[in-house]
Amino acid sequence: MLSIELPKFAIGETIEWLIRWLIYHLAAVFDLVSNALNYVTGLLSSGLTAVPSLLLIIIFGFLIWLITSKTTAILSAVGLGLVWNIGLWLQLISTLTLVVVAVIIALLIGIPLGILMTRSSKFETIMRPVLDFMQTMPPFVYLIPAVMLFGIGVVPGLFATIIFSVPPPVRLTYLGITQVSEEMKEMAIAFGASDWQVLSKIELPLALPSIMAGVNQCIMLGISMVVIASMIGAGGLGAEVMRSVSRLDLALGFESGLAIVILAMVLDRVGRSFASIKETPARKVICFFRARYNRAKNSKSQVLGITTANNEGGDT
Amino acid sequence: MNVKIKAENLVKIYGNKTGKALDLFRQGLSRNDILKETGLTLGVAGVNFEIIEGEIFVIIGLSGSGKSTLLRCINGLLMPTAGSLVVDGKAVEKLDGRELRKLRGEKISMVFQHFALLPNRSIMDNVAFGLELRGIPTDERRKRAQKALVSVGLEGWQNSFPSELSGGMQQRVGLARALVTDSDIMLMDEPFGALDAIIRMDMQEELINLQARIKKTIVFVTHDLDEALRLGDRIAIMRDGVIEQIGTADEILSNPANEYVEKFLQGIDVSKILDASSISKWPREVMRETESVSVALHKMKVADTDYLFVLDPMKHLVGMILEEDLLLLANKKEKSIRSIIKEARAIKSDTVMRDVYPELRQAEKDLAVIDDEGHFLGVITQYTLLVTLEERKGGDGIAEH
Ligand SMILES: Nc1ncnc2c1ncn2[C@@H]1O[C@H](COP(=O)(O)OP(=O)(O)OP(=O)(O)O)[C@@H](O)[C@H]1O
Ligand SMILES: [Mg+2]
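Chains as they are written, first to last, in our numbering: chain Y, 1 to 316; chain Z, 1 to 401.
One should not assume that every hint holds.
The calculated SDA-like cross-link candidates involving lysine to any residue, where the alpha carbons are at most 25 angstroms apart (straight line), are [said to hold, decoys possible]:
id: 1; chain 1: Y; residue 1: LYS185; chain 2: Z; residue 2: LYS333
id: 2; chain 1: Z; residue 1: LYS365; chain 2: Z; residue 2: GLU205
id: 3; chain 1: Z; residue 1: LYS107; chain 2: Y; residue 2: GLN197
id: 4; chain 1: Z; residue 1: LYS263; chain 2: Z; residue 2: GLY64
id: 5; chain 1: Z; residue 1: LYS342; chain 2: Z; residue 2: ASP304
id: 6; chain 1: Z; residue 1: LYS102; chain 2: Y; residue 2: GLU183
id: 7; chain 1: Z; residue 1: LYS107; chain 2: Y; residue 2: VAL198
id: 8; chain 1: Y; residue 1: LYS201; chain 2: Z; residue 2: ARG121
id: 9; chain 1: Z; residue 1: LYS143; chain 2: Y; residue 2: GLN197
id: 10; chain 1: Z; residue 1: LYS299; chain 2: Z; residue 2: ASP182
id: 11; chain 1: Y; residue 1: LYS201; chain 2: Z; residue 2: GLU99
id: 12; chain 1: Y; residue 1: LYS185; chain 2: Z; residue 2: ASP304
id: 13; chain 1: Z; residue 1: LYS333; chain 2: Z; residue 2: HIS375
id: 14; chain 1: Z; residue 1: LYS6; chain 2: Z; residue 2: THR41
id: 15; chain 1: Y; residue 1: LYS201; chain 2: Z; residue 2: SER63
id: 16; chain 1: Z; residue 1: LYS263; chain 2: Z; residue 2: PHE49
id: 17; chain 1: Z; residue 1: LYS17; chain 2: Y; residue 2: THR118
id: 18; chain 1: Y; residue 1: LYS122; chain 2: Z; residue 2: THR381
id: 19; chain 1: Z; residue 1: LYS107; chain 2: Z; residue 2: SER63
id: 20; chain 1: Y; residue 1: LYS185; chain 2: Z; residue 2: PRO162
id: 21; chain 1: Y; residue 1: LYS201; chain 2: Z; residue 2: THR138
id: 22; chain 1: Z; residue 1: LYS335; chain 2: Z; residue 2: VAL302
id: 23; chain 1: Z; residue 1: LYS107; chain 2: Z; residue 2: ALA212
id: 24; chain 1: Z; residue 1: LYS107; chain 2: Y; residue 2: GLU183
id: 25; chain 1: Y; residue 1: LYS185; chain 2: Z; residue 2: LYS365
id: 26; chain 1: Z; residue 1: LYS332; chain 2: Z; residue 2: GLU289
id: 27; chain 1: Y; residue 1: LYS201; chain 2: Z; residue 2: LEU165
With the C-beta cut set under 8 angstroms, the calculated list includes, among others, these residues of chain Y facing chain Z [unchecked claim]:
id: 28; residue: LEU6
id: 29; residue: MET184
id: 30; residue: GLU186
id: 31; residue: ILE189
id: 32; residue: GLY192
id: 33; residue: SER194
id: 34; residue: SER210
Beta-carbon label-pair distances, calculated as ranges [as the list claims (entries may be wrong)]:
id: 35; chain 1: Z; residue 1: GLY135; chain 2: Y; residue 2: LYS122; range: 28 to 36 angstroms
id: 36; chain 1: Z; residue 1: LYS143; chain 2: Y; residue 2: PRO52; range: 50 to 58 angstroms
id: 37; chain 1: Y; residue 1: PRO205; chain 2: Z; residue 2: LYS332; range: 56 to 64 angstroms
id: 38; chain 1: Y; residue 1: ARG243; chain 2: Z; residue 2: ASN120; range: 46 to 54 angstroms
id: 39; chain 1: Y; residue 1: LEU55; chain 2: Z; residue 2: ASN120; range: 49 to 57 angstroms
id: 40; chain 1: Y; residue 1: SER121; chain 2: Z; residue 2: ASP250; range: 45 to 53 angstroms
Source of the hints: derived by calculation from the structure; they are not laboratory data.
Where a beta carbon is used, it is the ideal one built from N, C-alpha and C, also for glycine.
Generate coordinates for the entire structure from the input sequences, incorporating the hints supplied.
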């Protein structure tokens, strides 16, 4: 039998070579980033653990009440209390810290990238396949370069999480801004807006619902990845899951899995409230103060001879 | 007479590489040929005009004739491909970015066909938008926005949101937003095009009243001939990027420059020029059934008249009341005017001029004009009819039609 040996394209090898090259030449940079991230996450998680757990649960409950509703807040607090009760509170805090830091960084990267895509069609054509790639590559694969670049620990976990959760904010920022009508932008320009003002006063505010949907998705991807990232030493609830699997400890496995579910649900409700900031208590509180402020203002302006009384309005 | 805006051989070709298209244009090729050769659209094909300070200059033409393109060259939203556009002695196309923003922010404001109100902002913040862009402190811009809202009859609505307002009211907000910057020039691109007929008439009336006070230079784009004749101190008729004729309504009606203009004037809507609605005017005051005797007396005094038309909330004509009846009621200390509402003589808006005159002679007071559904559109007085007939005698004897 005749067989033809086709040379294989060395894609994988090239990527590996590239990563090694990066490590060799940019080690100082990675060290710096690594130290900074370690510092931030360390600070946040030690801050959160310094507060008595039950007090923290109450504080969380209150914050959740502000941006969602009473029922959600109570259920969230009960869920978190349960996690505390089964003794996984510290792990939950460290997972939460990772998610929060990763999401913030992902947003800081993703939203500007989304904006850039709307400004340059060339950049947009480049980004599209890159985003597809980032979203469809199995997330485990990110763990390898993460470890090569940053070793074992929290930082590579963060790195992998950020890469995995960055596409939604990019895409949805881009989508939101491109959906802003031309007439609105033209209006702003006709009234003398600069490029920056068109972005900040027209495009971003009008794209906000879409961007917030991106934030929500980013949080959800973040939490799913943080669990995977515990395979490379990111710690937290994921690590408990890993341990239970290796020991075939069903009790621990179920409890830590449940804790992840609870955290995910709480974060999802919070993220959703970002996507639809409407009749939340926070809004009501803000409205209340704004109304008082306006009333104070009005009584002042009435002295100046400006009436702001409500009348039927000019429909004649 | 101060020339405020001046266009000199203004050409606008859409697209990036316009050099070849411009050459073809200069060789005298038509718009279609240029499109075929280069794939580029000739928006404005070499126009010249001067707009005088304080006038309402109407640009009218069929869809695609280049009205919006021309308008957008005035505030530099579009840059001319060739020629020049001069505002207050300065060529707009030569300004740098900062000067251009200053021009738009302080000297020229704009009103849009679909209002372009920001849905996420209150009416107040929409009106103050132009001032906000200029970095004017909150207190001052609120004060000025409030004043602008009052001047368009929307006091009390400042905390509402655009979605809570009717179309007509939304465009009042658009108007207030353009007024608040104290610009000398106001560009209006079919501002009433999205409103239904009755509201449109109201807004036209309001614009005329407003203009009497503010005396801005207004460039008003429309494709409604009736609107152009009502509003325009001068009218420019555009076709395929070219201005066919510029002149006052009278000049154009009595002396169409060419066959196209003539056809344009008849073709689109002959009845509009000749019918009752075209010479009717909204009265100074009208009554609602529910208003009281004292309000009626007050309104009569303000409007300097001895009768008023009575409308229901939907603006259907209910009837009229006379001063003498009203005084009787006032003596009897009655409040409601309902008992003295008389039938008012009214004609349909599409009644041709010839039939208007006999009607008017039979009417006790002036003649009301209504549409098919009975909506009140305005009034024709002996005086307006006479003036109109007089004005148009020079033309082709419209009254004989
Ligand atoms: N951004 C653009 N790019 C290319 N061509 C354009 C653009 N805007 C307008 N045009 C073309 O330029 C010509 C003039 O358009 P313009 O919008 O000035 O017409 P208009 O008189 O305002 O019409 P309408 O009454 O429909 O608003 C049209 O043929 C139109 O297709
Ligand atoms: Mg147009």
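State the violated hints by number, sorted upward, taking the hints as numbered earlier in the document. 1, 10, 12, 13, 15, 18, 19, 25, 28, 34, 39
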